[in-house]
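Chemist: Got chain X sorted already, so can you dock chain Z onto it with the hints?
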Amino acid sequence: QIQLVQSGPELKKPGESVKISCKASGYTFTDYAMHWVKQAPGKGLKWMGWINTYTGKPTYADDFKGRFVFSLEASASTANLQISNLKNEDTATYFCAINYGRYYFDYWGQGVMVTVSS
Amino acid sequence: DIVMTQGALPNPVPSGESASITCQSSKSLLYSDGKTYLNWYLQRPGQSPQLLIYWMSTRASGVSDRFSGSGSGTDFTLKISRVEAEDVGVYYCQQFLEFPNTFGAGTKLELK
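Going line by line, the protein sequences match chains X and Z.
Numbering of the first sequence is given in the working numbering, commencing with residue 1 and proceeding in unit increments.
Numbering of the second sequence is given in the working numbering, commencing with residue 1 and proceeding in unit increments.
Be aware that one or more of the hints could be misleading.
Every beta carbon over 12 Å from chain Z, so not counted as near; a handful from chain X, in silico [what the hints assert, rightly or not]:
#1 S17
#2 G26
#3 T78
Below, computed lysine-lysine pairings styled on DSBU-like, alpha-carbon distance capped at 35 Å [to be verified]:
#4 Z:K27 x X:K65
#5 X:K19 x Z:K112
#6 Z:K108 x X:K12
#7 X:K13 x Z:K108
To be clear, the hints were calculated from the coordinates, so they are not data collected in a lab.
In this text, a Cβ means the ideal position worked out from N, Cα and C, and glycines have one as well.
Pulled out of the complex, with its shape left as it was, chain X reads as follows:
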């Protein structure tokens, strides 16, 4: 069965960097794009962008250009999200998701809580 398993919670200080991972199983990793979605505490869902798991090309939503980097370890069926120069407003849960059905997110990771606090 398809699973997306994300890494554990992170506590960071402002200005630091964080890298979170999303390990996929149960399907051919390079067949489906990996998307990233942010959810600030008590807030809604915000799509951050996606990475083409075949070519490695990332696409970022406007609000996530600059400090956010999507990357792959394709041999390990893993997608990564790195955030540099962390700010308080980066405190959120970050989900990975795939559009196995192409036009919707039908599989989601469990989410990673990133807390940025001095």
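Modeler: Here is chain Z on its own, set in the frame of chain X:
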């Protein structure tokens, strides 16, 4: 970007009653292939979002037939019949017509 606007529910909803959640898009989500690219998700407390409905009215695999989606190109409704405890959470609509994929702000369902 396409803006998705969700309506509120008159919470709490009595168990066994029906509930309807509305969503409006700033642009028609009806594509030339005849499909409407509107999805619905439920996020239960402490969980990841779960796909309920895609293409405006198609139930995802394993989703109860108590959930139904309807609408036009810009106005959509998710109806939940005979509300149960497991339906509690926040419901989101999402457009998948174009990038960036955008979600509504969410509609919370509480049970009485």
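Chemist: Taking the hints in turn, state whether each one holds.
Modeler: Evaluated hints:
1. A cut-off of 12 Å between C-beta atoms confirms that S17 of chain X is not in contact with chain Z; the least separation is 24 Å.
2. No Cβ of chain Z comes within 12 Å of the Cβ of G26 of chain X; the nearest lies about 15 Å off, and the non-interface call holds.
3. In this structure T78 of chain X is separated from chain Z by more than 12 Å, as the shortest Cβ-Cβ distance comes to about 18 Å.
4. At roughly 25 Å between alpha-carbon atoms, K27 of chain Z and K65 of chain X fall within 35 Å of each other, so this suggested pair holds.
5. Note on K19 of chain X and K112 of chain Z: the hinted pairing is violated, with a Cα-Cα distance of about 42 Å set against a maximum of 35 Å.
6. Restraint check: the Cα-Cα separation between K108 of chain Z and K12 of chain X comes to about 31 Å, which is no more than 35 Å; the hinted pair holds.
7. Using a Cα cut-off of 35 Å, the hinted pair K13 of chain X and K108 of chain Z holds, with the two alpha carbons roughly 32 Å apart.
The structure shown violates just one earlier hint, number 5.
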